[in-house]
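There are 2 protein chains.
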Amino acid sequence: MNRIPAKRRILLSVAYDGTAYHGFARLKEDPKTIEAELDAALTALLGVRTEVTGASRTDSGVHAMGNAAVFDTVSTIPTGNFPDALNTKLPYDIRVRAAREVSGDFHPRHTDTIKTYRYEIDNESIADPLRYRYAMQVGHELDIERMNKAASFLIGEHDFKSFCSVHTQAKTTRREITDIEVVRKTEQTVYITVRGHGFLYNMVRIIAGTLIEAGRGRIEPQEIMEILKAEDRTANPGFTAVAKGLTLLDIEFSELEEK
Amino acid sequence: MNRIPAKRRILLSVAYDGTAYHGFARLKEDPKTIEAELDAALTALLGVRTEVTGASRTDSGVHAMGNAAVFDTVSTIPTGNFPDALNTKLPYDIRVRAAREVSGDFHPRHTDTIKTYRYEIDNESIADPLRYRYAMQVGHELDIERMNKAASFLIGEHDFKSFCSVHTQAKTTRREITDIEVVRKTEQTVYITVRGHGFLYNMVRIIAGTLIEAGRGRIEPQEIMEILKAEDRTANPGFTAVAKGLTLLDIEFSELEEK
Numbered sequence: 073m074n075r076i077p078a079k080r081r082i083l084l085s086v087a088y089d090g091t092a093y094h095g096f097a098r099l100k101e102d103p104k105t106i107e108a109e110l111d112a113a114l115t116a117l118l119g120v121r122t123e124v125t126g127a128s129r130t131d132s133g134v135h136a137m138g139n140a141a142v143f144d145t146v147s148t149i150p151t152g153n154f155p156d157a158l159n160t161k162l163p164y165d166i167r168v169r170a171a172r173e174v175s176g177d178f179h180p181r182h183t184d185t186i187k188t189y190r191y192e193i194d195n196e197s198i199a200d201p202l203r204y205r206y207a208m209q210v211g212h213e214l215d216i217e218r219m220n221k222a223a224s225f226l227i228g229e230h231d232f233k234s235f236c237s238v239h240t241q242a243k244t245t246r247r248e249i250t251d252i253e254v255v256r257k258t259e260q261t262v263y264i265t266v267r268g269h270g271f272l273y274n275m276v277r278i279i280a281g282t283l284i285e286a287g288r289g290r291i292e293p294q295e296i297m298e299i300l301k302a303e304d305r306t307a308n309p310g311f312t313a314v315a316k317g318l319t320l321l322d323i324e325f326s327e328l329e330e331k
Numbered sequence: 073m074n075r076i077p078a079k080r081r082i083l084l085s086v087a088y089d090g091t092a093y094h095g096f097a098r099l100k101e102d103p104k105t106i107e108a109e110l111d112a113a114l115t116a117l118l119g120v121r122t123e124v125t126g127a128s129r130t131d132s133g134v135h136a137m138g139n140a141a142v143f144d145t146v147s148t149i150p151t152g153n154f155p156d157a158l159n160t161k162l163p164y165d166i167r168v169r170a171a172r173e174v175s176g177d178f179h180p181r182h183t184d185t186i187k188t189y190r191y192e193i194d195n196e197s198i199a200d201p202l203r204y205r206y207a208m209q210v211g212h213e214l215d216i217e218r219m220n221k222a223a224s225f226l227i228g229e230h231d232f233k234s235f236c237s238v239h240t241q242a243k244t245t246r247r248e249i250t251d252i253e254v255v256r257k258t259e260q261t262v263y264i265t266v267r268g269h270g271f272l273y274n275m276v277r278i279i280a281g282t283l284i285e286a287g288r289g290r291i292e293p294q295e296i297m298e299i300l301k302a303e304d305r306t307a308n309p310g311f312t313a314v315a316k317g318l319t320l321l322d323i324e325f326s327e328l329e330e331k
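Just so you know, the protein sequences line up as chains A and B, in that order. Taking my numbering, the leading residue of the first sequence gets 73, the next gets one more, and so forth. Taking my numbering, the leading residue of the second sequence gets 73, the next gets one more, and so forth.
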């Protein structure tokens, strides 16, 4: 009577070096996406075509330490065995770090989350070749205090239309940033850490580019208020910082029931 | 009368991600070496075939923050302009970080130096894809105190025949290590830093592999004394740690006269 195994939904925590990939989301006729690699590894492991649904569709070149994806399976493989089993089938620059079973109606994009991103700056006049893949080089002196002052105006709920790509298709451009912190990690390294409930297209990279301009003295920290008020990307002189400096560190799901 | 420009010898400080290269030293019919790339950049810049002489012939896959190389030139390019001028001609994973004029008889391998190497360990059960290129993953727990205790027996002048490749062609296998320090940099990262006056072939990688075995509990720290005394690589159960975890951080030249 018990011949049909129960279907489980499994949530994976996924880390990757995005350098070689055209972003997270699967693309027609382009196998070089994180999602396509996860699909291929799962399909090979389970012997049946399986597709993941990702939590964050990171851009081409963006990295992750803690992106997430779910898939459904009727296999009897114990949940805790999925990371090692999938990692033997994945390329070295994608690693499944953890797996847990979640309820069958859990959707990683239709639930409230807090995402933490880090933007890394290689702040020296000649780029460090060992950080070329993971940091944006900025040769100019950066005033960290000014950057934090500018960042303080972005914290809270605002209309971030001036901080998102003009190509956004979001219904609303209101978002809440819970925290931004700019720290000089070493003499040559500056980290911008941004936490919030969902982000618009290119939003963290535009925040990083705007804070870099504030750090160089080309934007006054108080100007951020006017830039926000303009609700217009072209009113923001901050550039979109390159993708390679951005890493999605973590996603916290507020309503995640363990099964 | 002053038509023939004076010949200068210039010392470059060179950093590189060694992942894509077959080591530092130029090889016949193999253009993927650091030396060949430096030669090509200098030759393109100066318009005349120019070859560098390197300080340390790092192995295939080994990285550097501060390797060094000299070349001779009769060009009138100011010494301080060489880094930027060469970096426009070099691939992004090789950077010239500094240049200075040295005396015409300075040879970077025929002078006493102190070299500092760092071996990086990614100490977690699932490898971090953002450190895959620069660290060796060790999933086992490592006892840092034991590693430092084992390292203490290596400091000083010894015959390091048990810690060098059997393929060494060195006349003597006596070397002096001035310092070894093992630190847990973060919860997941262990750094082994080794300083000394010249090293034998694979010596730092064998030291790293031996200290990892000590950290796992498979070698007792005091055994290092017997391993040294054996003067035989096969008497050392320590493995040769993979090249990608090794970075040449710095070379200090003891008799470097500034010109």
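It is worth saying that the hints were derived from the structure and are not from the lab. Some hints could be false.
Copies of the same chain are indistinguishable here, so a pair counts whether it falls within one copy or spans any two.
Only pairs whose alpha carbons sit at most 20 angstroms apart, straight line, appear in this in silico DMTMM-like list of lysine to aspartate or glutamate [said to hold, decoys possible]: (1) 104 <-> 292; (2) 301 <-> 131; (3) 316 <-> 107; (4) 221 <-> 322; (5) 243 <-> 123; (6) 104 <-> 298; (7) 257 <-> 324; (8) 161 <-> 144; (9) 100 <-> 322; (10) 316 <-> 165; (11) 79 <-> 101; (12) 316 <-> 200; (13) 243 <-> 231; (14) 221 <-> 248; (15) 161 <-> 200; (16) 104 <-> 324; (17) 301 <-> 229.
These figures come from a predicted structure and were not determined experimentally.
Hints violated by the structure (listed by number, smallest first): 1, 2, 4, 5, 6, 7, 9, 11, 16
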